[in-house]
Amino acid sequence: MSRVLATAEKFKSETGSGVLDESKSFGLKQLKETIRAILDGAIALDEAEPDESLLRNYLNDTTWSGELSGTTLLTATAYRMAQLEPHEFGSRYVDWADEKRDAILERIDEDGLLSPVINPLNWGDRTPGTESPEAQSFAILMFAAYQDYNEGW
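Just so we're aligned, residue 0 is where the sequence shown starts under numbering that gives the first Met the number 0, counting upward by one.
These are calculated hints, taken from the structure and not from any lab test.
Among the hints, erroneous ones may be present.
Said to hold, decoys possible - Calculated pairs, DSS-like style, for lysine-lysine (alpha carbon to alpha carbon, straight line, at most 25 Å): (1) Lys9 - Lys23; (2) Lys28 - Lys9; (3) Lys9 - Lys31; (4) Lys28 - Lys11.
Work the whole structure out from these sequences, hints included.
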């Protein structure tokens with residue numbers, strides 16, 4: 000969603016149509032509000048469980064353990080939004096992302112694999128997994144967003 004936002008914000012209307020500009024502005028506002036609602040919900044649930052440093056596979060279900068795929072993706076999103084919209088996604092989001100990033104870094108093994116993760120082939124499997132292509136790709140997104148945020152891109 001943050002990628003769509005970044006692309007749409009750079010789009011320039013060639014028609015000069017005020018209707019398109021108004022529609023784009025409304026759509027971007029709605030997209031930012033949706034991203035904020037997702038991050039705010041994740042942060043609130045995370046803060047309610049200070050002993051669990053990772054987000055759960057299903058955020059509102061405490062029978063699931065914390066895992067890295069969702070944690071890493073939402074951390075990436077927080078950094079990306081802080082970079083794209085710093086006046087709207089400020090220190091609260093960056094501080095949370097920094098905390099999650101530290102927890103993620105502690106769980107990357109010598110081969111660069113993130114663990115624990117959810118089995119990407121069986122989402123109902125509650126056994127913490129050790130391999131997830133999604134978690135790996137989300138880690139790349141997180142590192143790129145972190146770097147861009149810190150370099151002021």
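In rising order, the numbers of the hints this structure does not comply with:
The structure breaks none of the hints.
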